[in-house]
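Below are the chains, spelled out letter by letter.
2 protein chains.
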Amino acid sequence: MKATVITIGDEILIGQIVDTNSAWLGQKFSELGVKLHEIISVGDDAVQIIDALNRAKSSSQIVLLTGGLGPTKDDITKKTLVDYFQTELVLNEEVWEKMKQIFEKRGLKVLEMNRSQAMIPKACTMLPNTRGTAQGMWFGIEGVVFVSMPGVPHEMKHLMETQVIPKLKEKFSFPKIIHATIMSAGAGESVIANTLNDFENDLPSNIKLAYLPDLGTVKLRLTASGDGDELKNEVAAQKEKMKILLGDFVYAEGEEKLESVIGKLLIERNETVSCAESCTGGYIAHLFTSVPGSSKYFDGGVVSYSYDVKEKILGVKNSTLNSVGAVSEECVREMLEGLLKATVTTYGISVSGIAGPDGATPDKPVGTVWIAVGSKEKIVAKKFQFFPSRMENIRVFSNAALNLLRLFILGKLN
Amino acid sequence: MKATVITIGDEILIGQIVDTNSAWLGQKFSELGVKLHEIISVGDDAVQIIDALNRAKSSSQIVLLTGGLGPTKDDITKKTLVDYFQTELVLNEEVWEKMKQIFEKRGLKVLEMNRSQAMIPKACTMLPNTRGTAQGMWFGIEGVVFVSMPGVPHEMKHLMETQVIPKLKEKFSFPKIIHATIMSAGAGESVIANTLNDFENDLPSNIKLAYLPDLGTVKLRLTASGDGDELKNEVAAQKEKMKILLGDFVYAEGEEKLESVIGKLLIERNETVSCAESCTGGYIAHLFTSVPGSSKYFDGGVVSYSYDVKEKILGVKNSTLNSVGAVSEECVREMLEGLLKATVTTYGISVSGIAGPDGATPDKPVGTVWIAVGSKEKIVAKKFQFFPSRMENIRVFSNAALNLLRLFILGKLN
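Top to bottom, those sequences are chains A and B. In terms of the numbering used here, the first sequence opens at residue 12 and continues consecutively. In terms of the numbering used here, the second sequence opens at residue 12 and continues consecutively.
Treat the hints as calculated values from the structure; they're not laboratory data. Treat each hint with caution, since some may be false.
Note that identical chains are pooled: a pair holds if it fits in a single copy or bridges any two copies.
Claimed, not checked - Here are the computed lysine to aspartate or glutamate pairs in the EDC-like style, where the Cα-Cα straight-line distance is at most 20 Å:
#, residue 1, residue 2
1, K39, E108
2, K116, D374
3, K39, E22
4, K46, E22
5, K219, D21
6, K250, D209
7, K168, E403
8, K39, E348
9, K230, E241
10, K39, D21
11, K387, E22
12, K352, D319
13, K219, D94
14, K13, D62
15, K68, E166
16, K46, D62
17, K323, E282
18, K180, E245
19, K230, D21
20, K352, E322
21, K46, D56
22, K46, D21
23, K90, E108
24, K219, E22
25, K307, E322
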């Protein structure tokens, strides 16, 4: 079973957009037990598209195309597919009526350009796109399936999840595969790998463990080739073993972010959180507020970048800043006390560190950070030392702070 | 002149990483006047790599490879290149000595695995990598240049800029091309296109205009094929014309972000800024603090997500929140007044809106935002209506707020 992805569009080749669709499709196929054979990006050019289709057909049973279906580019890609599959375009009345209704509703005039998007190749099965005007198209030839989808990521993903993957599963028998994922934080890849060394060596040969580190978190994925309740139970048992070995490093089962796990904990408990950020400069607040519905538990916070804001809004003592400096246990404790006094929040986080490239001192190199978490009753402060560059530090500091808060809420931080 | 990019690595095909190298290389070649012919991503597999090399050789004069050179994968990619170019690996003593020194300095033991990275194919010109242990390799065969580089983005970019591009310019005559870029904000692509309609029609046929919209900004790039002072003067004159037509929409020449332009303005004037954010939830603070050195002019701010923080820290009146609501002119004015009272900042920004998906009311749909900017002397508030989804709204709101502040600082907002 092989699959090839072809992404079409001059904007990819001139670097105007980063092709994120391929990585997403790669993940989806990986979950289905298939590693993509190849990803090919070509321009809006019929000769190149046909060349890519031929190459993909010779190697793969599934060929996924994204992009090149917008109204202005319509002619090239759809026309190329029509030529390739020796078919013709027919107006789909239903699509056309719907399109006219949508335009009318928005008070816009439907253009001839738009009508071309309701022209569908006769030889394909149309996959209705409920989120845009470019329809999905499913062609079959010589046992190979070609699916053409719009390049707009959320339209493509919706088509894949609701229509393409179910249809592919009907037509092909994918390798039987079982996945189990847990998320960890608070330890780097090497610490996790070291902890799991014997566990990994003892894994049955049909179960593999993958480490997928991100800034401050490590995703652990068990993959087993095969099927049946026995194997499912075996994978589940191995996952439990791994969870026990990793203990408090584990923050979730399945793919999930720290900010969303904390959000769920707070909703359960009917509690709230706020933050006082120096070096992370609003990024922790941004992580919290990136989650839809976070207003239920996120109160807000203070970005105390300057000494002035630290003193005036958070009440950090001038003497603290002048004696031990902003990157100190005393400072993050005072920041957090001030924050909890100024708000009616259950929990708070405060962070002060050196993200770089400037601001380092001999005893506080770039990557040094103090983090405090706590409530009105109790505050815990910890110092960390990370290595990477400014943007990476901002992210890794933020994840470290979120993880400390998680442990604090769970009563596991002393 | 054609160029192909081959990115190598199983991690790309399973979607573990998004290939950003290709887009960056696409941009670089676009600046050199060459549109990439094709981007091919293959796994760590000798047969596939050779197939991709052959295809690239038949279409292109320049073939750029990234990835697959880490110590653990070393065998496959470098060995494949050695086979393809019928050469052999030789230990490069200089590279090996340097590597040992670096490891010693860090107190680490150099491993046999690392020694393999000092083995360099005899037939290539080595391009020393000062930022990592995988060296660049330049091969030439039948008039085609193949350059293999590490996949770590900052290592690859540094090699490209300091060594590969200069060498390519020596060897090939690239199409003569002149670029001129200006950045605009405060108007969507359609407004900008409408304003520039006649200008674009009147452009000399050898000068093209491209619109590159992002969330809240539009990059405008003039590209002329050719060379010489006359053409340079012509492009410069057209750029000036465009600047006059677009007036205050123009915020920079060359590629630059709003937060960095504002930073420079503030440094010049020895002034500072802070922000009070509701719906943008810390993202504006994050944009400011993403710029190294921003502590010179960014004081910080308040993320007033809840009513409580709005009232207690910023002093927004309870009666305002209960009568006209948080998404109102009154609220953003009070947020900003409170912020300017609580800090000693020259300028402030405040934002309150509905990022979605929840929180909309019949008269305040998702995408509604009130933004105030100002100083102790004067505050200006504006309402905007945007359309996209939550994450896009957070970004587009933030850019709109930064642009208003820019205009305010320049005395152009009334």
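Hints, one by one, checked against the model:
Within a single copy, K39 and E108 get their C-alpha atoms no closer than 33 Å, and across copies no closer than 44 Å, so neither meets the 20 Å cut-off. In this assembly of identical chains, K116 and D374 lie within 20 Å of each other by CA distance solely across copies; the values are 18 Å between and 64 Å within a copy. When the C-alpha separation of K39 and E22 is checked against a cutoff of 20 Å, the pair qualifies only between copies, where the shortest distance is 13 Å, while the shortest distance within a copy is 24 Å. Taking identical chains as interchangeable, the C-alpha atoms of K46 and E22 lie at most 20 Å apart only when they sit on different chains, with a minimum of 10 Å there against 26 Å within one chain.
When the C-alpha separation of K219 and D21 is checked against a cutoff of 20 Å, the pair qualifies only between copies, where the shortest distance is 16 Å, while the shortest distance within a copy is 39 Å. In this assembly of identical chains, the alpha carbons of K250 and D209 lie at most 20 Å apart only when taken from the same copy (14 Å versus 65 Å across copies). When the C-alpha separation of K168 and E403 is checked against a cutoff of 20 Å, the pair qualifies only between copies, where the shortest distance is 17 Å, while the shortest distance within a copy is 28 Å. For the identical chains of this complex, K39 and E348 are neighbours neither inside a copy (46 Å) nor across copies (50 Å), given an alpha-carbon limit of 20 Å.
Taking the closest pair of Cα atoms, K230 and E241 never come within 20 Å of each other, the shortest separation being 25 Å inside a single copy and 58 Å across copies. Taking the shortest alpha-carbon separations for K39 and D21, only the inter-copy value of 14 Å comes in at or below 20 Å, while the best intra-copy value is 25 Å. Within a single copy, K387 and E22 get their C-alpha atoms no closer than 53 Å, and across copies no closer than 45 Å, so neither meets the 20 Å cut-off. For a Cα distance limit of 20 Å, the shortest separation of K352 from D319 qualifies both inside one copy, at 18 Å, and across copies, at 12 Å.
Proximity of K219 and D94 under a CA criterion of 20 Å is satisfied in neither setting, with 44 Å inside one chain copy and 31 Å between copies. Taking the shortest alpha-carbon separations for K13 and D62, both the intra-copy value of 18 Å and the inter-copy value of 16 Å come in at or below 20 Å. In this assembly of identical chains, K68 and E166 lie within 20 Å of each other by CA distance neither inside one copy nor across copies; the values are 25 Å within and 36 Å between. When the C-alpha separation of K46 and D62 is checked against a cutoff of 20 Å, the pair qualifies only between copies, where the shortest distance is 18 Å, while the shortest distance within a copy is 22 Å.
For a Cα distance limit of 20 Å, the shortest separation of K323 from E282 across copies, 18 Å, qualifies, whereas the shortest one inside one copy, 27 Å, does not. With identical chains, the CA atoms of K180 and E245 are never at most 20 Å apart, being 24 Å at best within one copy and 59 Å at best between copies. Proximity of K230 and D21 under a CA criterion of 20 Å is satisfied inter-copy only: 17 Å between copies versus 35 Å inside one chain copy. Within a single copy, K352 and E322 get their C-alpha atoms as close as 13 Å, and across copies as close as 14 Å, so both meet the 20 Å cut-off.
Within a single copy, K46 and D56 get their C-alpha atoms only as close as 27 Å, which misses the 20 Å cut-off; across copies the closest is 12 Å, which meets it. Taking identical chains as interchangeable, the C-alpha atoms of K46 and D21 lie at most 20 Å apart only when they sit on different chains, with a minimum of 8 Å there against 26 Å within one chain. For the identical chains of this complex, K90 and E108 are neighbours neither inside a copy (22 Å) nor across copies (58 Å), given an alpha-carbon limit of 20 Å. With identical chains, the CA atoms of K219 and E22 are at most 20 Å apart between copies only, with a shortest distance of 16 Å across copies and 38 Å within one.
Only between protomers do K307 and E322 lie at most 20 Å apart by alpha-carbon distance; the minimum there is 17 Å, versus 29 Å within a single protomer.
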